[in-house]
Amino acid sequence: MFDDYFDELDRRRFLTGSAAAVGAGLLAGLPATNAFAAGFPSRNMKVYVPTREGGGADRNLRAFTSIWKKYLKVNFEPSFYPGAAGRVGYEKYMGIASDDGHDLLFGNMGPEVLNWVVKKPTGFNVSDLIYFGQMDRDPGIVFVGRKSKFKSLKEIVEEGKKRTIKVGVSRLAHPATLGILALGRHTGAKFNVVPLSGGKRTRAGVATGEMDCGALPSGGIARRGKNFRILGIFDDSNPMPDLVKGAVLVNKEFGMNLPPLIAGARAFGIKKAAIDKHPANFKILTDTSNKVFGDPDYQKVLKKTKVPMELFTKSSSQAEIAKYVANITKIGEQYKDLLTGKS
Amino acid sequence: MTDENETDKPEKKSVGGELILPAAAFLFTLYYFYTILDVPRIAQVSAFFVGTILIVLVTILGVRIAKQVKAGEADLRLGRILEPKSYIPKRLALLGLTVGFIFFVDWLGFTLTVFAFLTLAMLLLSEGRRKVLILCLSTVLAFGGYLLFIVAFKTRFPQGPFEKLMEGLI
Amino acid sequence: MEFDPALFVELFTRTFQFWWVIVPAIFLGLVVGAIPGFSAANTIIILLPLTLAMEPEIGLVFMVALYASSRMGAGIPAILVNIPGTAGAAATPLDGYPMTKQGRGQQALAISFVSSVFGGLLTTVLTLLAMPWLSQVAFYLHSVEMIVVMLFGISLIASIAARDTLKGLIAGFFGLMLGYIGADVVYETPRGTFGFLELYDRVPLIPALVGLFAVSEAFAVIEGESILSKRGREAMQKAGWAETFEGVRLALSKWWHIIWTSIIGLVIGVVPGAGAAIAAFVAYQQSRTYSKTPELYGTGHVEGLVAPESANNGVTSGTLVPLLVIGIPGGATAAIMLVVLQYHGVTMGPDLFMDNPELAYGPFAAMAVTYFLMIFTIAPLARYMSRITVVSTTYMSPIIISFTLVGAFVPRQYMFDMYLALAFGVIGYVARKTGYHTAAILIGVILGPLLETYFLRALKISEGDIMVIFSSNLGNILWVGLALSLLLPYLFQLRRAKQEAA
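Residue numbers (the numbering used here), protein chains in the order written: chain A, 782 to 1124; chain B, 157 to 326; chain C, 10 to 511.
Simulated from the structure, these hints should not be mistaken for laboratory data. Nothing here was measured: the structure is a model prediction, and the numbers come from that model. There could be a bad hint or two in this list.
As the list claims (entries may be wrong) - Examples of chain C residues lying across from chain B (beta carbon under 8 Å, computed): (1) F21; (2) T22; (3) R23; (4) L37; (5) F182; (6) F228; (7) I272; (8) V311; (9) Y404; (10) Q422; (11) Y423; (12) L468.
What the hints assert, rightly or not - Derived pair list, reagent style DSBU-like, types lysine-lysine, alpha-carbon separation capped at 30 Å: (13) A/K851 to B/K320; (14) A/K1007 to A/K1095; (15) B/K320 to A/K873; (16) A/K1095 to A/K928; (17) A/K827 to B/K320; (18) A/K854 to B/K320; (19) A/K851 to A/K1072; (20) A/K1072 to A/K1104; (21) A/K850 to B/K226; (22) A/K928 to A/K1033; (23) A/K851 to A/K1087.
Positions of the beta carbon are idealized from the N, C-alpha and C atoms, including for glycine.
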């Protein structure tokens, strides 16, 4: 891909560009080759965020772009399009964003891909969008309030065989919701998932006792360790063994075979059309974003977010992302009836 | 609205205008019902409940008005909504300017559009009097708004030539 | 969480030393509160770099002062030009604006400020003392109980539509239906959106509020010279300090009213997510129900202004309770405070009261001091702000239209929202001219989504059993209360009619 880009450059621009690149590279203390792509980005990057300003996505985006802009040498301008579980932002992005590589999306792959599977908007196909630069990997978990009588997930499942358990969730089309529904289907326990619109209200629903338990991404709960207890994790391993003690791995405990249900998987998205038209620009984006992960300043800004550091990814792999999207799509199709209330 | 020579009779109320809002409410409710035919039952209950009450209320009003008209106490002309008639052109022009304001703000940016709207609308309402005062007022308000909304509060309002120029200068 | 007088004395002396932060924050809060579309929450977001750079305690004092004063600021345009600065002030124009039209703008402002300041001060002190008990409220008010609380607010539609109940109800139910636009909270299915993506997340409140009140008003008033009647104009021009102090006196003479309506605000504020709008509506409705002169409400009645303003300031301290006690913010502004405190490494929850009492009780002390300092702004603000009402409509209408449309744009930054405000302006104009109450429509638009959300949630919890709405003891007590507050006015009226006949 890089070669194609090279061919596009005319000789004159190449010469001045490389001279400037050497200069800029020296100034920034970077290898000079990074700045070869002086033509891109030629203006500020615009980022479409399908959630509200001030939420988790906003927090992570600010942290990441505060370092990334150092490598791209332009600023990032986020605009927020909340609504209908991210659908507004996605449709806006697919509808009006340019495909020259300057316009990106920043979302949460898990719930948003799942929402696409469940709702199937007519405007675009989920494969028209390619994710890259995955920032975090936060598995879905089951948790109870501090004063709950339940001491283990097994107790909840046993009780669920006698009566319906009320489970607070952020929304229906969410990896953590999928996890609890799958657990119910596997064990025969009856779970009634009640969407409470976001993590904040779900925590409130569990804390005030209106719900028996809740299913959310782990980060927000682990951080409030004293008010909640995490009982089960929908992942292959416990990402925070020091912070989350006594929680079981759901697959292991109940003999299930679920893929990791990563509920917090924030990543950038770009139109496939933009990659097809300007592959070199996309390469610059992935190369520079990959550098962010290794930047010591990046670790500093992440620490400030107060999210447990274990939940942030150390690097991002396109193959992992593709596998994750495929997994979520597949399991979403399996449980579609439960997620739409059609059963 | 009432004819001069009718003044000896009890005045006929024009109630046609009173039907506009209920008619809109009625049509909207039917449309809303149409959009929820497919959703699970529990998500329909609340809207069907409220919508049905609304339709019943509108029907009662319709019957009430029909009775009044039949008894000759009222007619179906639009009545107050158009009054006073001398203000209709001014009001329509102001509406046109408002639509223009929203339409053009995307290209001209906040400051210039506010300035143009304020100047034109004030001239319209003052019927062309006190031009200098109006120009000064519009300039001060548009620039003050620019300082408050764009410079101080960093609102991402559409940027136009003026904002771009100022950005370059600052 | 025991009460310790020495701690409180120390706390207040300490907080007073931050007057240099509080005073500018008060003025900033008054300004942003008065501009529709702006709020304490988004101002704090804008100023986040500044707040984060401050010491946690100073940052907190700054945010609290801004929050408290913005509530009072929101009442100013509501009273003077019939445009509530935020949804929390949506019940304020009901009696505030008629007073302005009679040329009593100064008085109205003074009444609103006194109710705000004393209602706020009182509930803040109460919160400090009753923290351990108040923190329990959220544990009892669940979806089922909240349905009834919402209905308390909605029943206000019937009260304000007293002159033509049928038309009032049509306006209110139309508003409720408009409030039902958008994706539902359980299945996320968009309904009634006309295909507009921008409506998936419900009808945005600020454009609805700006359109129904401000735009429609701006189009209606161009017939007259100013928004005041001729007599009102004369009264206004003659008015001096005496009018202002008359307002202060009138408000203070309703001290009992301030107390109980601000407590309504406090209790509702403690429930996460309920907010100032519902508190103001419930307080207004309750105030009218138990009034000896319910027919005067809506004509510029003092109690009708005292009730919503005391209540929405009562909410301010209430929203901080769940934030500090269980780490769950009661509203948007409290949520941002949480972010700032977490940034500084402060963990919320019961332990905060042991580990960091100055941070746990500090916000309330700061709020009390803010309200105390705000007492001194009452008279001059009321005296001079009210002059705005004599400005000719030639200038007022265009200014109102352009700046409120800008305000409609600000919260979500969608061009669509300006068109939406205009559409609501047309609805409001038609309503005004044909005798439908715009406030009734707005109440519907504000409370519709909340009612539907709690109702749908309750049904989801009960797996579709409609009888769930009578499933809780507290809920049933509230149902009885609701029935009483709907029936009592008629019984009172009957009794009065009998007495008059006798």
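Each hint tested on the structure:
no.	hint	verdict
1	F21	33 Å, violated
2	T22	34 Å, violated
3	R23	31 Å, violated
4	L37	10 Å, violated
5	F182	4 Å, holds
6	F228	6 Å, holds
7	I272	30 Å, violated
8	V311	30 Å, violated
9	Y404	6 Å, holds
10	Q422	5 Å, holds
11	Y423	11 Å, violated
12	L468	4 Å, holds
13	A/K851 to B/K320	24 Å, holds
14	A/K1007 to A/K1095	28 Å, holds
15	B/K320 to A/K873	25 Å, holds
16	A/K1095 to A/K928	36 Å, violated
17	A/K827 to B/K320	17 Å, holds
18	A/K854 to B/K320	21 Å, holds
19	A/K851 to A/K1072	10 Å, holds
20	A/K1072 to A/K1104	22 Å, holds
21	A/K850 to B/K226	74 Å, violated
22	A/K928 to A/K1033	26 Å, holds
23	A/K851 to A/K1087	23 Å, holds
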